[in-house]
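Chain by chain, the residues run as shown.
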Amino acid sequence: MTSESRKRNLFYNRLGIGVSRYLTVFTAVLFCSILLFLFYHGAANLSLKFFFSHPENLGRSGGIFPIIISTALLCAVALFIAVPLGIGTAVFLTEYTREGWLTMIIRFGSECLAGIPSIIFGLFGFALFVVTLKMGWCILSGGLTLAFMVLPTIIRTSEEAIKSVPRQLRELGFSLGATKSQVISKIVLPQARNGILTGIILSLGRAIGETACVIFTTGVSIEMPRSLFQSARSMSVHFYILAREGISMEMAYTTALVLVSLILLVNLFATFLVSRKR
Amino acid sequence: MSAFLIEARNLNFYYGTFEALRSINISVSQNSVTALIGPSGCGKSTLLRIMNRMCDLIPGSRVVGSLRVFGREIYDPNYDVTELRRNVGMVFQHPNPFPSTVFENIAFGIRIAGENGKENILRSVEESLSAVDLWSDLKDRLNFPGQNLSMDFQQRLCIARAIAIKPQILLMDEPCSSLDPIATQKIEELIFELKKKYTIVIVTHSMHQAARVSDFTGYLLKGDLIEFDRTESLFKRPKDTRTEEYISGKYG
Ligand SMILES: Nc1ncnc2c1ncn2[C@@H]1O[C@H](COP(=O)(O)OP(=O)(O)OP(=O)(O)O)[C@@H](O)[C@H]1O
Ligand SMILES: [Mg+2]
Numbered sequence: 110m111t112s113e114s115r116k117r118n119l120f121y122n123r124l125g126i127g128v129s130r131y132l133t134v135f136t137a138v139l140f141c142s143i144l145l146f147l148f149y150h151g152a153a154n155l156s157l158k159f160f161f162s163h164p165e166n167l168g169r170s171g172g173i174f175p176i177i178i179s180t181a182l183l184c185a186v187a188l189f190i191a192v193p194l195g196i197g198t199a200v201f202l203t204e205y206t207r208e209g210w211l212t213m214i215i216r217f218g219s220e221c222l223a224g225i226p227s228i229i230f231g232l233f234g235f236a237l238f239v240v241t242l243k244m245g246w247c248i249l250s251g252g253l254t255l256a257f258m259v260l261p262t263i264i265r266t267s268e269e270a271i272k273s274v275p276r277q278l279r280e281l282g283f284s285l286g287a288t289k290s291q292v293i294s295k296i297v298l299p300q301a302r303n304g305i306l307t308g309i310i311l312s313l314g315r316a317i318g319e320t321a322c323v324i325f326t327t328g329v330s331i332e333m334p335r336s337l338f339q340s341a342r343s344m345s346v347h348f349y350i351l352a353r354e355g356i357s358m359e360m361a362y363t364t365a366l367v368l369v370s371l372i373l374l375v376n377l378f379a380t381f382l383v384s385r386k387r
Numbered sequence: 734m735s736a737f738l739i740e741a742r743n744l745n746f747y748y749g750t751f752e753a754l755r756s757i758n759i760s761v762s763q764n765s766v767t768a769l770i771g772p773s774g775c776g777k778s779t780l781l782r783i784m785n786r787m788c789d790l791i792p793g794s795r796v797v798g799s800l801r802v803f804g805r806e807i808y809d810p811n812y813d814v815t816e817l818r819r820n821v822g823m824v825f826q827h828p829n830p831f832p833s834t835v836f837e838n839i840a841f842g843i844r845i846a847g848e849n850g851k852e853n854i855l856r857s858v859e860e861s862l863s864a865v866d867l868w869s870d871l872k873d874r875l876n877f878p879g880q881n882l883s884m885d886f887q888q889r890l891c892i893a894r895a896i897a898i899k900p901q902i903l904l905m906d907e908p909c910s911s912l913d914p915i916a917t918q919k920i921e922e923l924i925f926e927l928k929k930k931y932t933i934v935i936v937t938h939s940m941h942q943a944a945r946v947s948d949f950t951g952y953l954l955k956g957d958l959i960e961f962d963r964t965e966s967l968f969k970r971p972k973d974t975r976t977e978e979y980i981s982g983k984y985g
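Those protein sequence lines, which keep their order, are chains R and E. Residues 110 to 387 in the numbering used here are what the first sequence spells out, letter by letter. Residues 734 to 985 in the numbering used here are what the second sequence spells out, letter by letter.
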C-alpha cells in the first residue's frame, strides 16, 4: 500500500468514526429532549400517589394504578404467547428444516407481518378475537393481538441468535452422545440466550407503548381489571384519551413520562443483559 | 464376534458426488493405537468421522459398504447413533472446551448420559481429570472457565471430557496440531497411558508422531488406503512404492 492511499484510508476511517459519533450524540440529544419535554410538562403531578392510586374524575386527578396493572397484564399475556411460539418457530426453522419452500413461506410471512402497521393488527384482532371468537374487548384479546404483532421480532432475533452458535459446538455435543433435542436445549439455546433475550425485551418495549393494537381489542375501561376477560386501558391508550378528549393535558404528560421512562428502563435492561458476560 | 473393534470392508464415502474414500478395508484391534497418515485432503478426517457417524451431520453425504464397530453394522438404519457416540469418543483438532467451567465441561456428557447424582458426577470428574493428569492442577479451579486454560490444558480437558462418558474407543483428529513440542510430548505420553484402557485411532500430520505412538498405521492417498500394517513394518519395510515415497519425504 502506498503512503498516499494509506493516508486516504486513515482519513475515511476518521471521517466514519466522526460521523457515527455525531449521529450517536444526535440520537441521545433527541431522546433527552423528549424526556426533558415530558418532564417539564408532566413532572408536577409525579408522586408516589400517582403510581399507586386510582384515577378520579375520568383521570383529571388521582393516579394510574389500574392502568399500570392493565399494561403489565397485556404485556405478560403477549409475551407468554409470543415467546414460546417465537422461539419454537425459530428452532424449527433453523434446526429441523432444510432451506426450502416451507421455510421460505414462513420467513416471508413473518417479514410481511413485521411490516404491517399496528392499527391493522388492531383491526384484525378486533375482527378475530373480539367479534368472531366473541371474546369481547378484554385483556386476553389485546394480549393475543400484541403477541401476533411482536412475534416476527422474536422469531427473527431468535433465529439470528441460534444461527450464530458455532457449528463446532453442536458437533461437539453430538460427539458426546447428545441427541438432537439435547444439543438444542443444552447447547444451542443457552448459547443463544443473550440474543433471544434481547429480542424478547425489545418486543416488550414495543408492546408496552403500543396504542392502536390495544384500543381496538382491549377497549378503554378505566377500572381495575379483575380478570383477563375484562376490558382495560393501557398507559398509551390512557394518554391518548386524556389528550384527545381534552380531559387533562397535565395528566396526559405525566402518564407519558412514566411510559417513556419505563421503556427507557426496559431498553437499559436489555443493554445490560447483552453486555453481561456469560 | 470378530476380534476387531472396528472393521471396515469395501467402505466408500461420498460428499455428494465426490468420492472421498474408496474401498477402504481396515481392522482395529482392542487396546491398540492406530495412526492414519497421509497428505492434506486425502481423507484422514473423513475416515475418522465415519467411525462415530459424525459424517451423518453433513447433508448429502453417503456411506456405501460395511463398517462394523463392536461387531455390529453401524450404518444399519436401526442402529442407535447416540449409543455409538457414547462408546466412540472424539477429540478434535483444535482444543474446544465449552464456554463454561472446567467442571461443567466434563459434567456435560455425564449428565447427557443420564447420570444426575452430584456425588457420582464429581467422582467422574475427578477420575477423568486424573486420567489426563490434570486433577492436581485443577482440583481447586473446577469453576475456572475452561477456555481460559493454556492450550495444553485445554486439549487435555477435552480428552478428559471425552473419556468421562467411558467410551471404549477414542478417535483423535490431529490432537497436537495446535500445541507446542512440549505439550505434544505430554499428549503422546498420555496416549501411552490411555492405550491400556482404550482403543485409539489417531489422525496425524506427523509421521514421526505416528511412528512414536502407534501400533498400526494406515497410509491414505486421495481416498485410497494404500497400505495398512504394523507401524514398524510400514515404516521399515513399506510394501507399496507410494508409501515408501511418502515416508521418505519424496511425496509432493
Ligand atoms: N463437508 C465436506 N463437503 C465436501 N467435501 C469435503 C467436505 N469435507 C471434506 N471434503 C473433501 O474430502 C476430502 C477429504 O477431506 P478430509 O478432511 O477427510 O481430509 P484430511 O486428510 O483430513 O485433510 P487434512 O490433513 O487437511 O485435515 C478433501 O478433498 C476435502 O476437500
Ligand atoms: Mg483433517
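In case anyone wonders, no lab produced these hints; they're calculated from the structure. There could be a bad hint or two in this list.
What the hints assert, rightly or not - Output of the computed footprint for chain E on chain R, the stretches with three or more beta carbons under 8 Å from beta carbons of chain E:
(1) 194–200
(2) 284–298
Claimed, not checked - Listing some non-contacts, in silico: residues in chain E with all C-beta distances to chain R over 10 Å:
(3) F841
(4) L954
(5) D962
Note that beta-carbon positions come from the ideal geometry of N, C-alpha and C, so glycine has one too.
Hint check:
1. A stretch counts as covered by a chain when three or more of its residues have a beta carbon under 8 Å from one of that chain; for the segment 194–200 of chain R and chain E the count is 0, and the coverage is violated.
2. Using a Cβ-Cβ cut-off of 8 Å, 8 residues of the segment 284–298 of chain R lie near chain E, which meets the minimum of three, so the contact claim holds.
3. Residue placement check: F841 of chain E does not keep its beta carbon more than 10 Å from all beta carbons of chain R (closest about 6 Å).
4. Once the 10 Å rule is applied to beta carbons, L954 of chain E is consistent with being away from chain R; the minimum gap is 26 Å.
5. Every beta carbon of chain R lies more than 10 Å from that of D962 of chain E, the smallest distance being close to 29 Å; the non-interface claim holds.
Against the hints set out earlier in the document, violations occur for numbers 1, 3.
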